[in-house]
Amino acid sequence: MIWALSLPIFIPFVTGIAAFLMRSSDAGKWVSVGGAVASLAASIFLMAMVLAEGHVTGQLGTWVAPFGITLVADLLAAVMVLITAITGLAVAIYALGEVSERLERLGYHALYHFLLAGVCGAFLTGDLFNLYVWFEVMLIASFGLLVLGGSREQIDGGIKYVALNLVSTIMFLAGIGLIYGMTGTLNMADLSGAIAEVENQGLVTVVAMMFMVAFGVKAAMFPLFFWLPASYHTPLFSVSAVFAGLLTKVGVYALMRMFTLIFTGDVGFTHEVLLWASALTMLTGVLGAAAQTDFRKILSFHIISQIGYMTLGLAIFTPLGIMGGVFYLVHHIIVKANLFLIAGLGGRLAGGTDLNRIGGLYKSSPMLGALFIIPAFSLAGFPPLSGFWAKYLIVKASLEIEAWFIAFIALLVGLLTVFSMTKIWAEAFWKPHPDKVEPHFGRVTKPVLWASLTPIIGLAVLTIIIGLGPQPFVEFAERAAEQLLDPSAYVEAVLGASEDATGDAAEEAQ
Amino acid sequence: MEPVLAIVVGVLMTASVYLMLSGNMLRFLFGLILISNAANLVIFTGGRLTPGAPALIPTGADSPPGEVANALPQALVLTAIVIGFGLLAFALVLVFRAYQSLGTLEADDMRVAEPEEDRK
Amino acid sequence: MKSIILMTAARLLLVLMLVFSIFMLLRGHNEPGGGFIGGLIGATAFIVQAVAAGAAEARRVLRVSPEALAMVGLGIALASGLFAGVVFDPPFTGQWHWVGGDSYETAAFSLNTVLVFDVGVYLVVLGSVLSLALSLEEEV
Chain P
1 MIWALSLPIF IPFVTGIAAF LMRSSDAGKW VSVGGAVASL AASIFLMAMV LAEGHVTGQL
61 GTWVAPFGIT LVADLLAAVM VLITAITGLA VAIYALGEVS ERLERLGYHA LYHFLLAGVC
121 GAFLTGDLFN LYVWFEVMLI ASFGLLVLGG SREQIDGGIK YVALNLVSTI MFLAGIGLIY
181 GMTGTLNMAD LSGAIAEVEN QGLVTVVAMM FMVAFGVKAA MFPLFFWLPA SYHTPLFSVS
241 AVFAGLLTKV GVYALMRMFT LIFTGDVGFT HEVLLWASAL TMLTGVLGAA AQTDFRKILS
301 FHIISQIGYM TLGLAIFTPL GIMGGVFYLV HHIIVKANLF LIAGLGGRLA GGTDLNRIGG
361 LYKSSPMLGA LFIIPAFSLA GFPPLSGFWA KYLIVKASLE IEAWFIAFIA LLVGLLTVFS
421 MTKIWAEAFW KPHPDKVEPH FGRVTKPVLW ASLTPIIGLA VLTIIIGLGP QPFVEFAERA
481 AEQLLDPSAY VEAVLGASED ATGDAAEEAQ
Chain Y
1 MEPVLAIVVG VLMTASVYLM LSGNMLRFLF GLILISNAAN LVIFTGGRLT PGAPALIPTG
61 ADSPPGEVAN ALPQALVLTA IVIGFGLLAF ALVLVFRAYQ SLGTLEADDM RVAEPEEDRK
Chain U
1 MKSIILMTAA RLLLVLMLVF SIFMLLRGHN EPGGGFIGGL IGATAFIVQA VAAGAAEARR
61 VLRVSPEALA MVGLGIALAS GLFAGVVFDP PFTGQWHWVG GDSYETAAFS LNTVLVFDVG
121 VYLVVLGSVL SLALSLEEEV
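Residue numbers (the working numbering), protein chains in the order written: chain P, 1 to 510; chain Y, 1 to 120; chain U, 1 to 140.
Same shape as in the complex, but just chain P (with noise of 0.2 angstroms):
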């Protein structure tokens, strides 16, 4: 059990470590595609078991919960580990034709599995110290990432990444601090009981309000996302790439754990704050898009605007609207990644991201065209892709609950989504490249050109498949909804299944 729940975590770990050794040789980077290809078989492995028990759950060291440090997946974050994995597979394949000599020597592939780890450690622990723990890991992996290489660029938005980030850990670290001394516990099961009894409740919400923002910075939320458009079109493209698909959606699923298994006792309060910050986040962030005119910079401020609709199921609190949130949270990893991805190739045909100075892209890479349509479109929610089948989700769970102005927001920045999409298809792809260069596929190599289509091809089949038959997606969030959303099971996983370890523990003192 706890090995299977510890190896999409210690895996890039060993990766990362292994690909350091060899930095200097070519082997550095197939150890990072083999590494990823192990966590993505790991992950595999814990989805199956995750679908056959419910909730799988171990310890570290036979401690028992609630002390020591729990190791949980439920639906939810058993699918987002997978989605990770996968993810990152297709940002190692990615990083073979992009990634320098020079930052290899650096240690590229050593953080990036550092933050694959963080990321999957974050997703997998029961416990909120631990939580803080695996959040400062990938922060660290994340730093080193942003300003690898040193542009006058990179360190400009790593200034502002760094500072608003380490703000908002602190803040995190308060509200665990504050949570514990209330409670005496930092087990998340066990919180979910222990917090009801608190006698202070005034005092719970005013934490619940510490976890919202300190989460709330890292998902990018209104009015809390600035580091993300300042800093995120800076790094390498396989960097913004993975940063886009996964660093936000751990703020969202922490904020979904957060406030579904613990902060539920004043749901009028919290989640009605939630609701608007949300409805402000996408209409800010698809307003902010509107401005810009560089491919990702546009996509940045996209991720912000997709977060809000990600929130806003979590917000609405309804079956339907949690299951809109899960279903929307995997599809826009897989869209985001590959819309990032696609922007790297682009930019490296035509010569740049700004669209005033590239073009033509279409005329000669039709292919390429065809790719950015899946997702670009998917993003804005059009049938059948898998973005429509999100956004159907939650628009009708705002419906429900008769949040008419929200829904309307929510309908209203699909179309602006549509509007930035045709902007980047009509300069980047459409018009004539304004300096008369034919951007075509020649101006790359051929295993450059393979390593950077692969995963793009690979994720537009996934955005297709979830699009075409949404069927078995859809019911899988519905199910990962419920288990959000009645946490006895959760509880009972992590604390009822501590009393076989107990009894181990007693066994092997005698």
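Hints in this document: simulated from the structure, not taken from any laboratory.
There may be inaccurate statements among the hints.
Restricting the straight-line Cα-Cα distance to at most 16 angstroms, the calculated cross-link-like pairs of lysine to aspartate or glutamate (EDC-like) are [stated by the list, open to error]:
#, chain 1, residue 1, chain 2, residue 2
1, P, K363, P, D435
2, P, K160, Y, E106
3, P, K160, Y, D109
4, P, K396, P, E478
5, P, K423, P, D354
6, P, K160, Y, E114
7, U, K2, U, E137
8, P, K363, P, E427
9, P, K423, P, D294
10, P, K160, Y, D108
11, P, K431, P, D354
Please build the complex by placing chains Y and U on the supplied structure of chain P, with the hints as guidance.
Same frame as chain P, but now just chains Y and U:
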């Protein structure tokens, strides 16, 4: 003791917010040091304070004599200090690099990644 | 600034502080000390060297790159946790082998994964602190 520490946390917090909002990255770093210490103190106080009573169990007994503070938050603070130390060291190097390559520490002047739009 | 007194003393200090750092590492087993504090003291030894004779000299004395040192340390710490899998325990369960006895009271000393983990932490701290400190020293 708790009220005193609560006031200390408040003062640290105020000072750090003042420093962080001043717009200079070096001051921001100092603010960060103060705010992370404020957070550590919060955790420390969260475990209750019992001056002069170490959380030790005498040989033969199975619980400590009398009231003792919870030792777990102190362990958490230790971890948080270690992690905070690493992050601060990194932030210091980054700010120094920024000063070298951007030539300024004023956050308002850092516009390389987000250049101001040309007004046409 | 080069000071002949500091440069001479730094060589002596280097040895003394390294020995002391290892003492702290081993002592941390049952008393205050441990891998983190030992690693910091060890890093200070090389930083003194860097202050006295320059970062290049400190790197020469260290022989391996500090980043590699940190990575090897991380690997050792991880391996000590994964070792529990060999005897089918959950990861990071401490494995103890008593030498000259069968418990804490009777044994002369013990071989255990906890100490190995601490050695890993020692190297991680030594490596990462040095990599930051030396890069600062080189640029100032």
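Review point. When you check the alpha-carbon spacing of K160 of chain P and D108 of chain Y, does it fall within 16 angstroms?
Key: Satisfied, since the Cα-Cα distance of roughly 11 angstroms is no more than 16 angstroms.
Check your understanding: Has the given pair, K363 of chain P with D435 of chain P, been kept, meaning a C-alpha gap of at most 16 angstroms?
Key -> holds, 15 angstroms
Review point. Are the Cα atoms of K160 of chain P and E106 of chain Y separated by 16 angstroms or less?
Key: holds, 12 angstroms
Check your understanding: For the pair supplied as a hint, K396 of chain P and E478 of chain P, is the alpha-carbon distance within the 16 angstroms limit?
Key -> It holds: about 14 angstroms lies between the C-alpha atoms, which stays within 16 angstroms.
**Study point:** Distance restraint between K431 of chain P and D354 of chain P, which requires alpha-carbon spacing of 16 angstroms or less
**Key:** Measuring from Cα to Cα gives roughly 14 angstroms; hence the hint holds.
Check your understanding: Are the Cα atoms of K423 of chain P and D354 of chain P separated by 16 angstroms or less?
Key -> Given that 16 angstroms is the threshold and the Cα spacing comes to 12 angstroms, the pair holds.
Check your understanding: K423 of chain P and D294 of chain P: Cα distance at most 16 angstroms?
Key -> Holds, at about 10 angstroms.
Exercise for review: Compare the distance between the alpha carbons of K2 of chain U and E137 of chain U with 16 angstroms, and conclude whether the hinted pair is satisfied.
Suggested key: Answer holds: K2 of chain U to E137 of chain U is near 14 angstroms, not above 16 angstroms.
Exercise for review: Below or equal to 16 angstroms on CA atoms is what counts here, so check K160 of chain P against E114 of chain Y.
Suggested key: Distance ~11 angstroms between K160 of chain P and E114 of chain Y Cα, so the pair holds.
Point to revise | Pair hint outcome, K160 of chain P versus D109 of chain Y [Cα-Cα no greater than 16 angstroms] | key: holds, 12 angstroms
**Study point:** Given pair status - E427 of chain P, K363 of chain P, alpha carbons within 16 angstroms
**Key:** Within the cut-off at roughly 12 angstroms; holds.
Going through the hint list in order, the structure satisfies each hint without exception.
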